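Asker: As given, the protein sequences belong to chains A and B, one line each in that order. This note's numbering numbers the first residue of the first sequence as 8 and each following residue consecutively. This note's numbering numbers the first residue of the second sequence as 14 and each following residue consecutively.
Distance condition first, Cα-Cα at most 20 Å in a straight line; then the derived EDC-like pairs of lysine to aspartate or glutamate:
hint	chain 1	residue 1	chain 2	residue 2
1	B	K116	A	E172
2	B	K170	B	E77
3	B	K185	B	D241
4	A	K433	B	D69
5	A	K50	B	D69
6	A	K208	A	E170
7	A	K433	A	D54
8	A	K150	A	E91
Derived list of chain B stretches under chain A, where covered just means 3 residues or more per stretch with a C-beta under 8 Å from a C-beta of chain A:
hint	region
9	36-49
10	91-98
What the hints contain is simulated information worked out from the structure, not anything from laboratory work. From a predicted model like this one, the values you see are computed outputs, not experimental measurements. Every residue gets a Cβ at the ideal spot worked out from N, C-alpha and C, and that includes glycine.
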Amino acid sequence: MQNRVMESSKLNGSRPPASTGRVDVAIAGGGFVGLTLALALAKLAPDGFRIAVIDGKPFEEAGKGDARASALSAASRNLLQVLEIWPAIAPYAEPITAIDITDSPLQESGPRPLFVGFDNELKDGEPGAYVVQNGPLLTALAKAAAAEPNIELIAPDTVSGFEAESYGIDIQLESGRHLRAALLVAADGRRSALREAAGIKIIGWTYPQTGIVTTVSHSVPHGGKAVQHFLPAGPFALLPLPENRTSIVWTEEADEADRIMALDDAGFLKELERRFGAQLGQLSLAGPRQSFPLSLHVARSFIGPRFALVGDAAHGVHPLAGQGLNIGLRDVAALTEILVEGARLGLEPGDQVLLQRYERWRRFDSAVSALAMDLVNRLFSNENATMRTMRDMGLSVLDRLAPVKRMLVREASGKTGAVPQLLKGKRP
Amino acid sequence: MQQPETANLDPEEVRRFAEIADSWWDLNGPFRPLHQINPLRLTYIRDRLTEAFKRDASQGGSLEGLSILDIGCGGGLVCEPLRRLGASVTGIDPAEETIQVAKAHAAGAGLDIDYRATTAETLAERGEQFDAVLALEVVEHVHDVPAFIATLSTLVKPGGVMIASTINRTLKSYALAIVAAEYLLRWVPAGTHQWDRFVTTGELNAAFRAANLKPQDVTGMVYNPLADQWRLSSDSDVNYFAAAAKPA
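Looking at chain B on its own, in the form it has when it is part of the complex:
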């Protein structure tokens, strides 16, 4: 397995995701929860970006001309819809196997997306910049969150936006994200998460500020087990999105 340099990544975690790369687009496979929350993720991203770049969210090409970097893009569940909305999309993932799956799927769907098996650090060294940088369910998998956010900040153009989603470190998140999601409901493979790596909203916002990013919004994402549905909420105790802006 060809591994790009991973300054801030746990090789064990990268290996674990690479093993299940083939199932990214299987709706009933290990990534089922990511498919289920995809409309909500896209809603949050689209609404933050159309707000920041003054676009009409009801139009089909609402992200036309914006460049977006998706870090930890996996099979491309978020990259593909953003491309359909008109954005120029770059997706990176440390696992080569995953990138191959993403490339094949985009080709089948007739979408031109720039997928690369690389890391945020490598892109930052090259000085690449984007209107928006996404780090969805990524920060809970890195060793040093403030250092990682500092790297991501250099990838955001002045006037651009950074959007992250992750899991809060609370007692409730321990019960729900680890015990329920991994062991009881088997939503994600056991061992996917380590609770002590979870990041509180305060810690993430502090990391944003330290990296010259202005925190703009924190929105929770909650699951209703009876309706089997996810929705955006002010309750950010477990899953949440956070957005920050880079001064122009």
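Only chain A is shown next, with the shape it has when bound in the complex:
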């Protein structure tokens, strides 16, 4: 008895729009997380949500001048594969085939190999993670978003105010333009202006540590191996890049970091070599040096009326494992799954019960990730007498902490918590 013609002429047979807004979802912030969310919602919603992405910088400049690199977990790659963006990124991605996690002291002949494989976690031959340079990654995302008919890129412009009402959220832009959406998503980073405007407080603290990032070239191939070296001053990570280059994420006590950053290139390289060992041969700088203070934060709430936080706006972790991007993409995958499933039930993207589900799903997981990274940092980056004694005796504490190691590896491959479909490479 299907497709019966309606007898009642009073009712309109054609389907109303999915929401009352001019767009379904407005996203403030066109970084990795904002653009990936835009692409996921535009491509995967049953009728394709209409999306606006607002950013202060023109999208043609996206990714230019960013020398940093990010670790991209296998789960994050799955998401980018479903969105058909991965082929544009793959040439810039170096697979990590193994991670050395070690806390052996400096000035030995390189870190003592304490191999932690990804096996048992992933399919045969599947790399556990990739290292991708931020520049090409952001450029590829901006290009894909510009090519997507359901996405409007609005830049340079910023959100100057917003007000949630019963049937939509009114968004005012700096340029004087107004937008109406069913949902406003804040993807505007660590110091999210929208989060503040929404009156959402954060819980967090700063570390007495500074992060130093740069890229080096080396004469000996890295063999796709990442190194996580827990030095007393803080974690020191080597992330392999294509073409015999390695991205360095180096944490130091703030004063020492200032001293190192003030050195000339030769002096800087000398300090690097002290921590590197000789394993990668001759080093030379292949990118600018940048430094930033380290902090941890989790927003007290991830949602408001017709409002949601994603990525660094919602949470920031200690960058010791380079996991910030992956955790942000987990927000993307979870929010997409919830809104797409909601649309299939006729629920609009601003539906508060759906947003509550997103918060329940992501807030706990984010806090666990943030605190786990914090715990590891505290365990290994200190002058703790017991730890130092054990190190001096040549005992690797990590050797005895198999669960911590497993957690780090699982975190690196993005396999913790309830995993959204997209991170398994499946459409929700």
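Fit chain B to the supplied structure of chain A, relying on the hints for placement.
Answerer: This is chain B only, laid out in the frame that chain A set:
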């Protein structure tokens, strides 16, 4: 208060719901539990209907062209999403105040839904029929369940579907639906339910059969207090859905 004729309804119950009509769309108001279970209700309804009418549930317009009657529609929590899925939706409720709230909300959301302050009996007398008839959390509020189901059956087109949800009459439901939901957790106003009006799955299926409806499915809905989440379950001791088909 203008009251339509209510052959099978308790005027006291109608009055009680009319008093709180304004709060239908308040997520933290007296109808909070209905908002919380809404995705689950919609999942059950959509899955039964896409199955019965051979539609693709993953598509946005999965209920396109189907006519649906929602009996006891309240503020339109179920009507609005079903309309977005493409169905032509009629919502009826005995309380005029409630219908006014539902109409205003649909207008604000830009949805055309046929809301009427009337009863199932009145529609049946007029001979109106629908592809699907929904009676969600309604049968526990009527005096004579078999007579009510017989009336609803006449509203279902041949080949159509009837979906009801209600509360089972078990010791567990007494403890959970009345003591916990009304008095301890204050989910719903005290006095919302009377346990002796609750309907067992057997009684409901018997009423379906007597009304020429073929019982198709019974699915429970259970609450996990730790996760503060509802899910569909084979445990139908407290809240449950039941679906029946009218022969073509």
